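J.: Spelled out from the first residue to the last, the chains are:
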Amino acid sequence: MRQYETVIGLEVHVELATKTKIFCGCSTEFGGEPNSHTCPVCTGMPGSLPVLNKQVVEYAIAVGLATNCTITQNCKFDRKNYFYPDNPQNYQISQLYLPICRDGGIEIALENGEKKTIGIHEIHMEEDAGKLIHDEWGENSMVDFNRSGVPLIEIVSEPDMRSGEEVVAYLDKLRMIIQYLGASDCKLQEGSMRADVNLSVREVGAEEFGTRTEMKNLNSFKAIQRAIEAERERQIDLIESGEKVVQETRRWDDNKEYSYAMRSKEDAQDYRYFPEPDLVPVVISDQWLQEIRDRQPELRAEKLERYKSEFKIPDYDAGIITAHKKLADIFEETTAICHLPKKVSNWLMGETMRLLKEHEMEAEELSFSPENLAKLILLVEDRAINNSVAKEVFEKIFGENADPERYVEEHGLKTVADDGALRATIEKIVSENPQSVEDYRNGKKKAIGFLVGQTMKATQGKADPGMVNQILAELLQ
Amino acid sequence: MANIISDETIEYVGILAKLELDGQEKEQAKKDMGEMLDYIDQLNELDTSGVEPMSHVFPVNNVFREDEVTNGDGRDATLENAPERKEDAFVVPKTI
Numbered sequence: 001m002r003q004y005e006t007v008i009g010l011e012v013h014v015e016l017a018t019k020t021k022i023f024c025g026c027s028t029e030f031g032g033e034p035n036s037h038t039c040p041v042c043t044g045m046p047g048s049l050p051v052l053n054k055q056v057v058e059y060a061i062a063v064g065l066a067t068n069c070t071i072t073q074n075c076k077f078d079r080k081n082y083f084y085p086d087n088p089q090n091y092q093i094s095q096l097y098l099p100i101c102r103d104g105g106i107e108i109a110l111e112n113g114e115k116k117t118i119g120i121h122e123i124h125m126e127e128d129a130g131k132l133i134h135d136e137w138g139e140n141s142m143v144d145f146n147r148s149g150v151p152l153i154e155i156v157s158e159p160d161m162r163s164g165e166e167v168v169a170y171l172d173k174l175r176m177i178i179q180y181l182g183a184s185d186c187k188l189q190e191g192s193m194r195a196d197v198n199l200s201v202r203e204v205g206a207e208e209f210g211t212r213t214e215m216k217n218l219n220s221f222k223a224i225q226r227a228i229e230a231e232r233e234r235q236i237d238l239i240e241s242g243e244k245v246v247q248e249t250r251r252w253d254d255n256k257e258y259s260y261a262m263r264s265k266e267d268a269q270d271y272r273y274f275p276e277p278d279l280v281p282v283v284i285s286d287q288w289l290q291e292i293r294d295r296q297p298e299l300r301a302e303k304l305e306r307y308k309s310e311f312k313i314p315d316y317d318a319g320i321i322t323a324h325k326k327l328a329d330i331f332e333e334t335t336a337i338c339h340l341p342k343k344v345s346n347w348l349m350g351e352t353m354r355l356l357k358e359h360e361m362e363a364e365e366l367s368f369s370p371e372n373l374a375k376l377i378l379l380v381e382d383r384a385i386n387n388s389v390a391k392e393v394f395e396k397i398f399g400e401n402a403d404p405e406r407y408v409e410e411h412g413l414k415t416v417a418d419d420g421a422l423r424a425t426i427e428k429i430v431s432e433n434p435q436s437v438e439d440y441r442n443g444k445k446k447a448i449g450f451l452v453g454q455t456m457k458a459t460q461g462k463a464d465p466g467m468v469n470q471i472l473a474e475l476l477q
Numbered sequence: 001m002a003n004i005i006s007d008e009t010i011e012y013v014g015i016l017a018k019l020e021l022d023g024q025e026k027e028q029a030k031k032d033m034g035e036m037l038d039y040i041d042q043l044n045e046l047d048t049s050g051v052e053p054m055s056h057v058f059p060v061n062n063v064f065r066e067d068e069v070t071n072g073d074g075r076d077a078t079l080e081n082a083p084e085r086k087e088d089a090f091v092v093p094k095t096i
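One line per chain: the protein sequences are A and B, in this order.
Everything in the first sequence is counted per my numbering, starting at 1 for the first residue and increasing by one.
Everything in the second sequence is counted per my numbering, starting at 1 for the first residue and increasing by one.
Just to be clear, a hint being listed does not mean it is correct.
Below, simulated SDA-like cross-link-like pairs (lysine to any residue); rule was C-alpha separation at most 20 Å, straight line [what the hints assert, rightly or not]:
1. Lys131(A) to Gly74(B)
2. Lys54(A) to Val69(B)
3. Lys19(A) to Lys86(B)
4. Lys86(B) to Ser141(A)
5. Lys18(B) to Asn81(A)
6. Lys19(A) to Asp73(B)
7. Lys222(A) to Glu233(A)
8. Lys86(B) to Ile133(A)
Covered stretches of chain B (chain A as the covering partner; in silico rule of three or more C-beta atoms under 8 Å from a C-beta of chain A) [what the hints assert, rightly or not]:
9. 51 to 59
10. 69 to 75
Keep in mind that the hints were calculated from the coordinates and are not lab data.
Just so you know, these numbers come straight off a predicted model, no measurement behind them.
We put the CB at the ideal spot given by N, CA and C, even for glycine.
Using the sequences plus the hints, can you model the full thing?
T.: Take a look at the structure:
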């Protein structure tokens, strides 16, 4: 049995978080009416001229610096020619000869505790294409150019990854860095982060790479892992049966867990790149570079240290919270309101993580407001609701960003703190359960648990457990 | 003419440029392209070692826009010349 090794490199496209497109003043907002964010520039009208958005250059440099790249201080754009209905100019403005960043790398941590550096070959700036909407039954497709001209950076890794686990660790790290920089929200589902997987297999020990294929249409980490597994198997099967792997682009269908060839070498892409004549070169001075370096936001390592010193939360908590920019943001904003960092951290690490897992969601998709979490924490702190009610309310905050104060009010979930009413209820329960009372008095201290349970049941879970215990202890004396 | 363009080359360039040329046009295109390449050969005779490659004809760089939305809803102007439109989108032959 021959042993094979998988060799993987990634091309990751990231939509930058600019307000406007890369070459015109159209909005980049997601989800507008078709073609409402378009103008002559981003629809390739003859005679229109692109003007570069400065923020795109700054984000690209920021990502390059954070991934240890060398910045190309004299960079320029090139024209990539091809025909496709989502590309109105019949070319895409991109960078081939002098990409803005080169020769970087990031370190990933693997499950076995090992660390590995994945090289970044280059990062270049380019424009996104429009979107084709396909009519399932009709003869036609429809084109929406709102996305045409949205700024992208493409991050090209070296073929340094050897497994799906390494690929996911690399993407996770990349996403975290970019989110921390604020350069993109990196949502795989919405396509603001898209990964193409270049994969080949070779016998263990072989020096030459095998023939690689490129896999597209991967929009979740799970899909990426499944596609890598399937493609590895497909290539090994071909080699084992004496056939050849064909260099081609394949499209992954995650429902069918199968990929099919999109275009093969016969219609090889000949993009006839040439320097873009409509744009002047970008010269990045040492001073500009230093300004961007000085403005780099706090990245994870610094945040982690600050959380431990400023908020006095344990190493473990800080590690989990800072792993996702979104969690870190919620943590800081909630803490700023309620000033109870450890409580905030507990909600994020406990219930939030549990519900994310249960709904198969990513931290980036969290949509509740820090204000509501802070209100909930304060309600518990004031003993207005008890912990089990709080968990129930939190599910509403998590799911629909419910206002906990109003929700508690409307559903009558306030802790029964009225000493008189609670005492009456407990007196009744005590009189109805003589056996438990006797057991307790005979030294079976556990019997109190049953009475507490009955009380909670009678009050629909709204009683303050501390108070119930206290009153019971008095009555059973 | 030093550069002879083959039928295959002109065919291939035609496909890339989405041009359908008839026999006569093909011959003309072969001749034109050959002459262009001859001219490039002539340029190549110059010794350019030590000359910085030119990336743009104008000695200008760093022309930027600030990241501010300046364009409003442009759909009517954009769709004005659409050969076919459905709602607010261009209609094209089915493309996957």
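J.: Need the list of violated hint numbers for this structure, in ascending order.
T.: 3
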